Amino acid sequence: MSIEMSNAMSLEMSREPVISARDVRVWYGTTRGAIRAVDGVSFDLAPGETLGLVGESGCGKSTLGRGLMGLLPKGAKRDGEVWFEGKDILSMRPKDSYRLRGSHLGMIFQEPLTRLNPLMRISDHFQESIKQHDPSLTKDEIKQRALDALRLMGIPPTRYRSYPHEFSGGMRQRLMIAMALVLKPSFVVADEPTTALDVLVEAQIVQILNDLRRNFNTSLLLITHNVGIVAEACDRVAVMYAGRIVEQGRVADVFENPQHPYTRELLRSTISLRTTGLNFIPGAPPDLVDPPDGCRFHPRCPEAMAVCATRNPVNIERPRGGRVECWLVGPEDEIPPGGKQRLKQEELTVADEA
Amino acid sequence: MTRFASGSLPRYILQRVLLVLPMIWVILTLVFVVLRVAPGDPVSAALGDRLDDEALDQRREALGFNDPIVVQYWDYLVSVVRLDFGTTFSDNQDVLEVVRDNGGATLSLTLAAFVIALLVGIPLGLIAGRYRDTVPDVLIRLFGILSYAAPIFFVGYLLQAYVAGPLGLPTSGAAGVETVFYMERDGLNRTHILLIDVFLSGNSYYIEDVLKHLALPAVTLGLLICGVFIRLVRVNILQTMQSDYVEAAEARGIAPTKVTWRHAFRNALVPVITVIGLQFALLLGGAVLTETTFNWPGLGDKLVGYINERDYVAVQGIVTVFAVAVVVISVVVDIVNALIDPRVRY
Amino acid sequence: MRKVLRAMAKPFTDTTGTARWMLVAGIVITAIFVICAIFAPLLAPYGFAQASAEGVRFPKAGPPSGDHLFGTDRLFFDVFSRTIWGARTAIQVVLLSILICVVVGVPLGLVSGYYGGWFDRILLLVMDALFAFPSFLLAIVFSFLLTDILGGSVLAVALSLSAIYIPQYYRVVRNTTVSAKEATYVEAARAIGASDFVIMRRYLFQNVVQSVPVIGTLNAADAILTLAGLGFLGLGIQSTDAAEWGHDLNRALEDAGSGVWWTGLYPGLAIVLLVTGLTLVGEGLNETINPTLRVRRLLPVHMPAREER
Amino acid sequence: MAWPSTEPIVDIRDLSVHYGLRGGSLARLIGSDAGTVKAVDGINLTLRRGEVVGLVGESGSGKSTLGRALLGLAPATEGSIEFEGQDLADLSGRRLRALRRDIQMVFQDPSAALNPAMTVEEAVGDALRVHGMRSASERRTKVIDALERVGLSPVELFLEKYPRDLSGGQKQRVVLARAIITGPSVLVADEPISMLDMSVRAKILQLMLDLKQDLGLTYVYITHDLASAKFFCDRIAIMYLGRVVEIGPTEEIFANPRHPYTKALLRAIPDPDPGRQLPRDLPRGEVPDAASPPFGCAFHPRCNEATPICGWESRDLRALIEGHWTRRSAEEYAGERSIVGDLDHLDKPTTGATIGSAGSAETRVFLDRVRAEKPDEPIWGGIDAINDVGSGVRVQFREGVDPALRRAGEVQVACVLYPDEPTGVEAAESDRDRPPPPPEPVSAGINRRTVGLTVVGLIAALLPFVAFAGITREFVQNGVLTSYSRINVLGILGGVVAFGCGWALLTKGGGAERAPWWKAVGVVVALLGVLQFLHGSSLLVAVSPCQSERVDSTWCR
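Chains as they are written, first to last, in our numbering: chain X, 19 to 372; chain P, 2 to 347; chain E, 221 to 529; chain U, 630 to 1186.
Heads up, a few of these hints could be off.
Calculated Cβ distances over 10 Å to all of chain X for the following chain P residues [what the hints assert, rightly or not]:
(1) Leu10
(2) Pro11
(3) Leu22
(4) Pro23
(5) Trp26
(6) Thr30
(7) Asp85
(8) Asp102
(9) Phe115
(10) Leu119
(11) Gly174
(12) Tyr183
(13) Asp245
(14) Tyr246
(15) Ile255
(16) Val276
Some but not every residue of chain X turned toward chain E, in silico, with C-beta under 8 Å [claimed, not checked]:
(17) Arg43
(18) Trp45
(19) Thr48
(20) Ala94
No lab work stands behind these hints, which were simulated from the structure alone.
Since we're looking at a predicted model, the values are computed, not measured.
Don't be surprised by glycine CBs; every beta carbon is placed ideally from N, CA and C.
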């Protein structure tokens, strides 16, 4: 199948998803108790598709990305199902899931400098990765593949034998991307890949990520706090709040017609070139050691109803595709009588904020 | 951005070598201030009870102690540059010859101890760091702390009392009387470093004798540094194991053993190398005690002897030699470090 | 007051695993020696240079017995008493030298690191030279000089120990100052118009001295060893002036061959124990204070089964 | 409303802030500079009472340095800053500190801006304390007032807290409280919201607007984020590598961006408008090294609209060739690489770049191929001539123009595309424009380092001879080498030093344009060094342990 065709089909969403997460939970241990960083998250990702994962800091978006990769700190636990190529990653033996990393599941990190071993040349990094997953390749073949990947990222072959510290910030991020993609994984997690970069370089990297589909047919989970980047580089978006994905769907759909009050407020509070007045969400995200009952957004929600404080919202189909969990959208028949009354909320002080 | 900032390896090495001069100068000045200016009159301190006033004054004049301090300082610097450290008060020997004859023994002792410490300390440190908070880690750390906490002379004392006998190891001196005598007689002491000379002679009896004599002192001194190495390596492993590039390597699916070796261990050893230079200084200090404990005919032993004789010229000469040795070692370590770590050169 | 107590207990409550046990064990061991040092006159049956009691001369190099728990040495002294009195000497010397080090090293490092420039460069070079120099040799040289001037007193030894440890305090404080003065909060202090003195006192000092306890305890351990080494070489305190473990060990060395083991073993063990205790405290503190080494105590995670809807 | 008025409150004239770069360990010891970074390079700016001026740029643009210079935190190398008629440079340390009551600052990272060892009350109150308010109760009243003003209520909950107990937004409020408590008239806000969470940014920005309204503040708003600047600022100065490249009223800058850099920034802002297309014509590359900025206009290497006179040079050639290679196959690259050889030397900026190692003709063919691939690159217009030299060619670039700020409509722009428009509304303002600085000086051949190296080298080479004149004489009279057992260490070291200096002169002497005669000096010094080294070590060679008796009593006391 040609790349163009697969590209077209991925937009149709008709193909088997590359990765399919079902009710994933990732909890951390702390001195105070378990942090429910990810608490029941489901999503699908089609081949060649980019899903943007947005939310405030501390909402669990990075933890979800790491949880999928299996890169979790000591004392963290995860459960649920993550189906990848017909197998559930979470129930695999650790050895098997380790083998998937790099070759099938790739990761791009936020701070590229610290992610490269300062004592190893770029060539050593590439050799190590490629050799690990394809031991049959000769040295020349490895170099060939590495140089091809670098070239696609706009890094000249003259720099192949350089050390990480000899590159600029943007170049290093290109290196990281090249290194993640050289093994042609079918799914890549990019965790805030542009946060540490300058405006223009950020735009360059976003462009590169946007071109991934065309060059590698890779599915991408792009974790960011910047809704602008999602709008530019993603096909679909998942909005995360307090450990749950509250709304997901096609970017244009969700941004033009947000169903969840949090999505709407997040978009409204974002300062963009079209901003004419300042809006913000009152209050702060909840403590995930002890999240509020019912909908986790209800203490801050301008439209909270009585039912929101007592019962978890149901994950339902959005009117125009995608999914949302909010009692305002439905389902009507599950709301108990009187549940639609306006909730009397506690007063939030100005300073109660993130 | 700063791709080829300011420098290359040769340039770094040149800079580092040039930096030796001020370092040595500072250290010489310190030695001079401490040993020549501070104590007042070394001649009467050393010989006051043996000579009368007139003779003392003559000695002072001859040694230039009656000159202004600045002149003495200049003379001192010049004489060091010429490697002329003068003659000892107490036994009228050329200090340089004392250094030559005894320095070799100190060098072989410290090097042997150093090798033992490296061979034992680094692997133990790696294991302890890799398997943090497990039983091996606790045991290794305890061993490290104890081996550091036990004073050299106490370890030496225990070894002499309880180990030397059963193993048939000598507890005193660098070689048996015959070895020393015959080596001297046959003109085999070419380098004045016994350890090298016996190997050059190729005589297995001499070699065995010298190695046996070396065993206990080297182990005693090695244990001291061993504890330091364990600690150092362990802490560095802990830190590199947490580093972002180790996680990134795991994310690329690099096999765990390779991640441990190539990313964690190798990177952890770089800072260790830097500190090794300083440990060598610790070794030289420890050598004094080891030599005294085992009657090892080294510089440290000599130094203590001259100190008891209040022989300032000898003390000053030996201390100067130690000081210069330390500076030179630190430069070598820095250069080795630059060869390994590309970041240092810039 | 409760705040202070809580702050002091923080290293215990925050950490887990071996670091915690090291800290506890170290503090217990050190505390025992400190108690010995303070109450030496009460705990020791005899004086440190007492060769007879009630007119009865002690045996020469007598083996351990009911009267003399650890036996007696060749000078007729009671080994048990000397071991306990030795703790007092050791702790006196070490405390004094740490005090001198902190009083000299910390302000010097702070000022040199904060202002930089020529003063800093020259001081750094001198301190580096001192630091690079084999510390034990330096101690030998200094005590050699100082005992000529001050006699073999506690002060002379403490001073020569200070001379070798000041560079360490200086360097640590200077380096943390150099990095801390780049911190935004120092810039912020300057932005509100604070003078250099105010910045050093109110902004830098508290953040810079945090590493001092760790070096302090580790140096104390090293100082005990150095002190004993000096005593062993006969350069420190003389045995009639005070009880000193290193010096006792030196005298015990010649006994080793003749089967008299008690004169050397106990002072040696005392050194090993005290140094071990101090090192445990230092390393334990390091693992709790140093964020890269710290292991936080985590509550275990229990994931409840999913609630069915 | 009377403000923003036209009354100037801060007047910055020709301000430059230069920093010396730290060199290697030796250079650090000697205290010599390894070069200077022109963090701020000749900036003119007037703040009018009550307005918000935005300084916008990427990292390294000098926007933060400019902000810090306003408080006297970054010392001005040249030029002046006048606050209400007082020149900051004239003030003593004490008076300058007193002045900081009137100009205050808010920082980017609120967690770093607060001393971790101080409670909120101490931190905010310290601003009063350093200005001499001794009474703790008086301070407390004012602190409570300030905290209420920034919305930290109920105040009692916050007074005793340490920064680590507060959220990011709350910390930024504390920083703001500390800034306003002394009653300043100017507030420099250095990226006050960029480290905060999306949902908090608007709140802090709103708070800053309220404070401005209530306290009549004048803001300098430093940011890399054009979106918030558009909302917040009255005037905007776009900065790049230490210079202002475009300055004017906010509406005009956004409605009608003129400088290519401004245009690029506007295009690059990620926008949550799903209908927007991803920009395709982004500037390439990254912000260059400020220690050796590009010739001519600093933005030209990344510019989409560059002209032949923008200051093309060797580094641009390298970027061009390397860019070309990212589009070649491995075999083509290998072939071309062998023709061109190593490119590292092109990093030393010059307008005459020599490349090629396999013959002039081949190199020309190669350059033609590069040109054929992208014939529209403006760099081709910037090449004056390509001459054959040795086994390669020398590419001679046109002398570039460093554009000064000039009036263009309602704004001022520093770009060759906008030549002077002398009849402006504010002619008086443009009178004070900087004259165009002279082009990058082609080095006169001598710089401090060259002279220094020569002097040190000569001294090192000759001193051992002089200092040991007595010895050498002795040595000749005796005529016996072996009579000396002492190694002339000074000679050896002097030799090494002299050789090093000579070598440095030979390779780097004479500044940017290496005059051949400095090479000659280098050769001489290096040779002297070798001679000295041999002299010192010839004695070393001659030492024989059996003849180590001292013959001379005059120099061996």
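10 Å cut-off, C-beta based - leucine 22 (chain P) kept clear of every residue in chain X | It holds; leucine 22 (chain P) is separated from chain X by about 30 Å at its closest Cβ, greater than 10 Å.
Is the Cβ of leucine 10 (chain P) more than 10 Å away from each Cβ in chain X?
-> 12 Å, holds
Going by Cβ atoms, does aspartate 102 (chain P) stay more than 10 Å from chain X at every point?
-> 43 Å, holds
Going by Cβ atoms, does aspartate 245 (chain P) stay more than 10 Å from chain X at every point?
-> 4 Å, violated
When the least beta-carbon distance from arginine 43 (chain X) to chain E is tested against 8 Å, hint result = 6 Å, holds
Evaluate the condition: distance from the CB of leucine 119 (chain P) to the nearest CB of chain X exceeds 10 Å.
-> 20 Å, holds
Quick one: work out the minimum CB distance from proline 11 (chain P) to chain X and report holds if it exceeds 10 Å, violated otherwise.
-> The assertion about proline 11 (chain P) holds, with a minimum of 17 Å to chain X.
Can threonine 48 (chain X) be said to touch chain E, with a Cβ gap under 8 Å?
-> Since chain E brings a Cβ to about 6 Å from threonine 48 (chain X), closer than 8 Å, the hint holds.
Interface-negative label, tyrosine 183 (chain P) against chain X, beta-carbon threshold 10 Å | 50 Å, holds
Is the Cβ of isoleucine 255 (chain P) farther than 10 Å from every Cβ of chain X?
-> 5 Å, violated
Is it correct that the beta-carbon of tryptophan 26 (chain P) has no partner in chain X closer than or equal to 10 Å?
-> 33 Å, holds
Would you say glycine 174 (chain P) is clear of chain X, with no C-beta pair closer than or equal to 10 Å?
-> About 45 Å separates glycine 174 (chain P) from the closest Cβ of chain X, which puts it past 10 Å; holds.
Hint compliance for this structure: hints 13, 14 and 15 are not met, and every other hint is.
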